[in-house]
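If you read the sequences in order, they're chains A and B. Residue numbering for the first sequence follows our numbering, beginning at 1443 and increasing consecutively. Residue numbering for the second sequence follows our numbering, beginning at 1443 and increasing consecutively.
Since the hints were made in silico from the structure, they are not lab data. Honestly, I wouldn't trust all of these hints.
With a Cα cut of at most 20 angstroms, we get these calculated DMTMM-like pairs of lysine to aspartate or glutamate [claimed, not checked]:
1. A:1795 x B:1748
2. B:1616 x B:1703
3. B:1750 x A:1787
4. A:1783 x B:1738
5. B:1782 x A:1738
6. A:1750 x B:1748
7. B:1750 x A:1794
8. B:1616 x B:1779
9. A:1783 x B:1741
10. A:1782 x B:1738
11. B:1783 x A:1738
12. A:1775 x B:1741
13. B:1661 x B:1545
14. A:1775 x B:1759
15. B:1775 x A:1738
16. B:1783 x A:1741
17. B:1775 x A:1759
18. A:1783 x B:1759
19. B:1783 x A:1759
20. A:1750 x B:1787
21. A:1750 x B:1794
22. A:1616 x A:1780
23. B:1795 x A:1748
24. B:1750 x A:1748
25. B:1775 x A:1741
26. A:1775 x B:1738
27. B:1750 x A:1768
There are 2 protein chains.
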Amino acid sequence: MDHAYAVVLAGGSGTRFWPLSRLRRPKQVLPLLGGASLVRQTVERLFPMLEPRQVFCITAREQADLVRRELDLLPPDHVIDEPVGRDTAAAVGLAAVFLRWRDPRAMFAVLPADHFVDDPARLQADLRTAFAAAAEGALVTVGIRPRGPSTAYGYLQRGPREGSVHRVLRFREKPDLETAKGYVASGDFLWNAGIFVWSAESILAEIERRLPALAASLKVVESALGTSRLPTVLAEEYARLPRISIDYGVMEKASRVLMVEAAFAWDDVGSWSAASAHRPRDAAGNTLEGACAAVDTRDSLVLSTDPKHVVAALGLDGFVVVHTPDATLVCPKNRADELKKVVEELRRRGFEKTL
Amino acid sequence: MDHAYAVVLAGGSGTRFWPLSRLRRPKQVLPLLGGASLVRQTVERLFPMLEPRQVFCITAREQADLVRRELDLLPPDHVIDEPVGRDTAAAVGLAAVFLRWRDPRAMFAVLPADHFVDDPARLQADLRTAFAAAAEGALVTVGIRPRGPSTAYGYLQRGPREGSVHRVLRFREKPDLETAKGYVASGDFLWNAGIFVWSAESILAEIERRLPALAASLKVVESALGTSRLPTVLAEEYARLPRISIDYGVMEKASRVLMVEAAFAWDDVGSWSAASAHRPRDAAGNTLEGACAAVDTRDSLVLSTDPKHVVAALGLDGFVVVHTPDATLVCPKNRADELKKVVEELRRRGFEKTL
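So here's chain A without its partners, still in its complex pose:
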């Protein structure tokens, strides 16, 4: 597709997949769904609709080397590093000025690097629909049909159909449970997965309207593109940018947003339990990887990354056991979302160096 690009957002850091993920080894460079790393799967999912020359990735400077290694299928300069993380509005704005500089007619899809998608062909078909609308100047988002009244996602209120897409009546922030139940019962609300498609021109115009300070910084950055001043300028401008998401800062206020309803199955890979849900499993529902042995164990994820160490599970049901050379996690899957508590306890007990 001419003038179509994709920008993978791989800026996160953190320990929600500790002990595999660490402060300096973020989840997107880990093979949490099995096989390739999340960021690489996100890129590969776009082929053959896009070619490597059409795919970019934005990440944090301290992770750029790791991400470049994972994305050796892209030209090295397609991994763009931000001096510091400033949330998605800044990342999207930077991508927009960069792509417009390379191709004034650039359109791009924004794809977070930590998603599960069951069927790349369906994703590509939905993105084609979105690109077609974006080519007309629209800001397009992809809505996910809710699997339940989740309070972990924002919602998109579906409006009238416009051709092969719908209008979005409104963006709704993460609701409480009662509200979420109402949304799901109505059938008119979809999850906001943070997947967007637009032209660089359109999103920059909207940023100009909604976040003029960011727009001003982006103009300064734009003037330095292709020059040796770029790193300095980026550092200066990022230092003054507020942290704000593209959803909250721009999309919720945009007057006209269109939505493609996803035909693919989707999940946010946000914790060990989500990662486990989408990995290949054996007949007992287990994912066993590395040197391990399981007896009378069901619905469990046992990962061992140290070939000189064996992990044995007996009688586990619905557990996560992750062993690395310097740290091991054991928890029931339904507690995996609370890993932050473990990280705090490790800090408190003086084990920061394992984080």
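For this one, chain A is given, so just place chain B on it according to the hints.
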């Protein structure tokens, strides 16, 4: 006490405490109850009633060095090694001829090395009672008041009182559950803990009556004591001995056995769940040892023996997690008795070297 000795039986091997115990590192040399190793706790429990010169230990040759290291409070020649394990009848017989050779009036208590005893003073008081009866020529056993209808122990049927002890009407082998319930309801049955007290003379006379082949071998061994022929003779005689326990081979058939009812709390340290039950615990019922961190975790045992590795537990209730440099076990406590299945699976999957 004159002529009183103790013989600690530390012959076991195996993997019921894998991954801490290994084929070549048996449970008795491990600090499974916290603090000192099981064998050393068994010895220390006898002081000050006995002095080190009165305490002996019988173990297997391949474990003798480990056991001697654990028992550096005893003279080195007090750790007697059998060339091969031949169950308790042979071990008791060997101890008897050895002690009678050193002291013709020797009496000795037989104490397995893998028991929990809550109060050494009470154990010593009970042993004093038993030694007094043994001095009169009796074969004495110690009965444990059952905590429930266990099918894991043999039972002693209590007969009429004789002074400060009781007659044992009969030894009963490990019963089925219904039978065990009847035993416990009657109030007349106690657990056979395998703790005995007798004179060397009396038990050798009983072995002569019940196991004449063993008695014949013991006579050959006795003639070699104090000579350089001993190792060769022991190896030859042990090679032909059958495996038989002192309970089954001798005590069940003995015409007159007396019993002391234990005033101490007792348990067989036979699995991680038993070991865990008798270790010091924190307010949440946890035993956390080594580099570990636990969050929202109750009634669990988390052991880490590698100071360079941290084990984190989140949301566990009633679990065992044991981490060593080359192997980790995770299981619910109530499955810990099934560890043999794990060992088989490890063998099947080619991890024998961790056993």
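Results for each hint:
no.: 1; hint: A:1795 x B:1748; verdict: 15 angstroms, holds
no.: 2; hint: B:1616 x B:1703; verdict: 19 angstroms, holds
no.: 3; hint: B:1750 x A:1787; verdict: 17 angstroms, holds
no.: 4; hint: A:1783 x B:1738; verdict: 9 angstroms, holds
no.: 5; hint: B:1782 x A:1738; verdict: 12 angstroms, holds
no.: 6; hint: A:1750 x B:1748; verdict: 14 angstroms, holds
no.: 7; hint: B:1750 x A:1794; verdict: 13 angstroms, holds
no.: 8; hint: B:1616 x B:1779; verdict: 17 angstroms, holds
no.: 9; hint: A:1783 x B:1741; verdict: 19 angstroms, holds
no.: 10; hint: A:1782 x B:1738; verdict: 12 angstroms, holds
no.: 11; hint: B:1783 x A:1738; verdict: 9 angstroms, holds
no.: 12; hint: A:1775 x B:1741; verdict: 19 angstroms, holds
no.: 13; hint: B:1661 x B:1545; verdict: 16 angstroms, holds
no.: 14; hint: A:1775 x B:1759; verdict: 14 angstroms, holds
no.: 15; hint: B:1775 x A:1738; verdict: 14 angstroms, holds
no.: 16; hint: B:1783 x A:1741; verdict: 19 angstroms, holds
no.: 17; hint: B:1775 x A:1759; verdict: 14 angstroms, holds
no.: 18; hint: A:1783 x B:1759; verdict: 17 angstroms, holds
no.: 19; hint: B:1783 x A:1759; verdict: 17 angstroms, holds
no.: 20; hint: A:1750 x B:1787; verdict: 17 angstroms, holds
no.: 21; hint: A:1750 x B:1794; verdict: 13 angstroms, holds
no.: 22; hint: A:1616 x A:1780; verdict: 19 angstroms, holds
no.: 23; hint: B:1795 x A:1748; verdict: 15 angstroms, holds
no.: 24; hint: B:1750 x A:1748; verdict: 14 angstroms, holds
no.: 25; hint: B:1775 x A:1741; verdict: 19 angstroms, holds
no.: 26; hint: A:1775 x B:1738; verdict: 14 angstroms, holds
no.: 27; hint: B:1750 x A:1768; verdict: 6 angstroms, holds
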